[in-house]
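Peer 1: Residue numbers (our numbering), protein chains in the order written: chain A, 1 to 470; chain B, 1 to 102.
Possibly wrong hints are sitting among the right ones.
Claimed, not checked - Here's a subset of chain B near chain A, in silico, CB distances under 10 Å, partners left out:
{"id": "1", "residue": "Ser3"}
{"id": "2", "residue": "Phe17"}
{"id": "3", "residue": "Glu21"}
{"id": "4", "residue": "His31"}
{"id": "5", "residue": "Ala40"}
{"id": "6", "residue": "Ala49"}
{"id": "7", "residue": "Ile51"}
{"id": "8", "residue": "Ser55"}
{"id": "9", "residue": "Ala56"}
{"id": "10", "residue": "Ala73"}
{"id": "11", "residue": "Asn75"}
{"id": "12", "residue": "Val82"}
{"id": "13", "residue": "Phe90"}
For the record, the hints were derived by calculation from the structure and aren't laboratory data.
From a predicted model like this one, the values you see are computed outputs, not experimental measurements.
Note that CB positions come from ideal geometry on N, CA and C, so glycine has one too.
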Amino acid sequence: MQVAPFIAYLAAAALFIYGIRRLRTPETARSGNTLAAVGMAIALIATIFVADIDNVLSVGQISVGVLIGSVLGAVAAQRVQMTAMPQMVAAFNGVGGGAAALVAVSEFYRVEALGQGHETLVATIAVLLSVIIGTVSFAGSTIAFIKLQELALTGSVTFPLQQVVNAAIFVGILLLSANILAGGLVLSPLVSLYLILGASLLLGVLFVIPIGGADMPIVISLLNAFTGLAAAASGFVLSNYALIISGTLVGASGTILTRLMSGALGRPLGKIIFAGIAASGGGGSEQQEDREVNDKSAGEVGEYLADDAEKVIIVPGYGLAVAQAQQAMRDLVETLESEGKEVLFGIHPVAGRMPGHMNVLLTEVGIPYEKLYDLEDINPEFDDADAAIIVGANDVVNPSANDPEVESPISGMPVLTVENAEHVIFIKRSLSPGFAGVDNPLFYDTEKTMMLFSDAKQGLQDLNEAVKNS
Amino acid sequence: MTSQLLAQLAIFVISAFLGFELISRVPNLLHTPLMSATNAIHGIVLVGAIIALASASDGFTTTVGMIAVIFGAMNVVGGFWVTNRMLGMFGPPRKRVKKREE
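Next comes chain B alone, as it looks inside the complex:
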């Protein structure tokens, strides 16, 4: 139990630093899609919702689990879908012109 908790804490800390690093280099241009994509990724909570609903054994836990699953699925599907729509507008691949370097 303890070693499992320690492993989880280690993963937590490393993930946090990774998150800091990943975002720091995204340009302003893409901040809205970025926010929207990370928004979709925290839809991972649907995994937890499915586990909760699967182990539900009475009316209360079933209701709560069901709402959680619906919420989580909305978060995942809506989040990725809308990000995809947004990024579709950034057009076909083109070379980014770096005017400032000329």
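Only chain A is shown next, with the shape it has when bound in the complex:
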């Protein structure tokens, strides 16, 4: 490799690393992203000198391709709603994985069918890894996008012997790979690679369809790591340092992020992937009989907040975003603060559909991020809080998650200890349990809990009026 592009790639890698480093604090995060984008531009410009561009035709093709992709990406990125961020990340992740797989397919085809370049064992292994991982990521991300956009396949889709089928496909992929590495003993290497491509597509689909809504953030994070690894593998195919370094960085960071997240859910990764949340499907039905709840109107709750609550902690969940109630939430916060009350937010690590998603949604409407507290920081605050208001959330405040007597899909998940507040107020449409399908004993604590049955947006607006008027 020539020296100049190599230096440029190193500079790009340094900018990626420094950019990610600046993502540690909100003040520096945006510039970190910009630095990483500059690094990308440098790497792409350097590539013009690395790639063997010897005619006008290929310059034209590359320009057209980059232009089409850029326009599609930019339009999608500009239009997407912040609530739809998880599916957007899934979509960009999918095309990245697809690109990595296609690069490897193209290189392999050049060697096998056109007799260009030379075949080495390492390059072949790298081709296989890139194709398998990239394709699984592509297909898996596509399914994740379809599920999150609620186009189809919502919830957990399972069929008998699912794990057996997945294992069989995986063994098939291994056998075909072995066949290629042995130089095509049974099938020609190219045919084997196409079969691997198809099998990996199927595996990606089957891998994601059984995974339900609450676990989707973890899957997207995992697929993000996959795409990084696929990019690194195609770096080994092309002997390109920019791809190896950047792809590996993303692969490793995505793996850590996935582990942090599954830790926040209190569910080991293996359990999510291999058991799915499928088992929890029917959990909620047993305790649905008419137990008494403390049903309050917005007026009554508003009166309590206005007269007796000094310190209020709000716990938002995905229901808030579904109802597009962020603005109404901010209005209520402003009203409460204008009455001299202290208002804090407790954000569970998996509130929303991605870790940190709720923070984005709340800062979008102008709620300062200084008010948004992580789980460990907010839990001690409940002890002297007068009210905890829970909007569109259930699982993340369910004390039964840490009750050793109760076995449920959320067992062991760290939760916000809202029960330590003087009063607990749920704004919720009905008593139906949340994503995980687990009933919440707090609903039936008529001393402590007030249930305000309403749509999140309507409920917050009514509550705001009630606080103003009392």
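Dock chain B against the given chain A, drawing on the hints supplied.
Peer 2: Chain B alone, transformed into the frame defined by chain A:
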């Protein structure tokens, strides 16, 4: 050839540890932008796609390379763009108040 491969492996291992270190200290608050930014960075595969398309010499490799370039460009441009939009919402620089330390 061998020494080049060894250098690549060394870089691979060191990059992996660097990735672990970098992410471990990012707060929950910024996990969504972080995921989105790393998502954009693996768009580096566009580099590979451009190399593949540039060396394409028949219909098949041209088609495959072209799709790869389009996909890669979507990943890069969309990824950075959407991360920038998201981080724009974290407002103008302000001092982060550490209430817990008071």
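Peer 1: For every hint, state whether the structure bears it out.
Peer 2: Each hint, compared with the structure:
The beta carbon of Ser3(B) is not positioned within 10 Å of any beta carbon in chain A (closest approach about 12 Å), and the interface hint is therefore violated. Given hint, Phe17(B) at the interface with chain A, holds; its Cβ is 7 Å from that chain's nearest Cβ, closer than 10 Å. For Glu21(B), the suggested interface contact is upheld, since its CB lies about 9 Å from the closest CB of chain A, less than 10 Å. The beta carbon of His31(B) is positioned within 10 Å of a beta carbon in chain A (closest approach about 3 Å), and the interface hint is therefore held.
At a threshold of 10 Å, the smallest CB-CB gap from Ala40(B) to chain A is about 7 Å, leaving the interface hint in force. Because the beta carbon of Ala49(B) sits about 5 Å from the nearest beta carbon in chain A, less than 10 Å, this interface hint is met. Given hint, Ile51(B) at the interface with chain A, holds; its Cβ is 4 Å from that chain's nearest Cβ, closer than 10 Å. Here the hint on Ser55(B) is kept, as its CB sits about 6 Å from the closest CB of chain A, short of 10 Å.
At its closest, the beta carbon of Ala56(B) sits 7 Å from a beta carbon of chain A; the interface hint therefore holds under the 10 Å criterion. Interface restraint check for Ala73(B): the shortest CB-CB distance to chain A comes to about 3 Å, inside 10 Å, so the restraint holds. A distance limit of 10 Å between C-beta atoms decides the matter here; for Asn75(B) the minimum to chain A is near 4 Å, and the interface restraint holds. Annotation: Val82(B) was flagged as interfacial toward chain A, and the flag holds, the nearest CB pair being 4 Å apart, inside 10 Å.
With a cut of 10 Å, the hint placing Phe90(B) at the interface with chain A holds, because the nearest CB-to-CB distance is about 4 Å.
Against the hints set out earlier in the document, a violation occurs for number 1 only.
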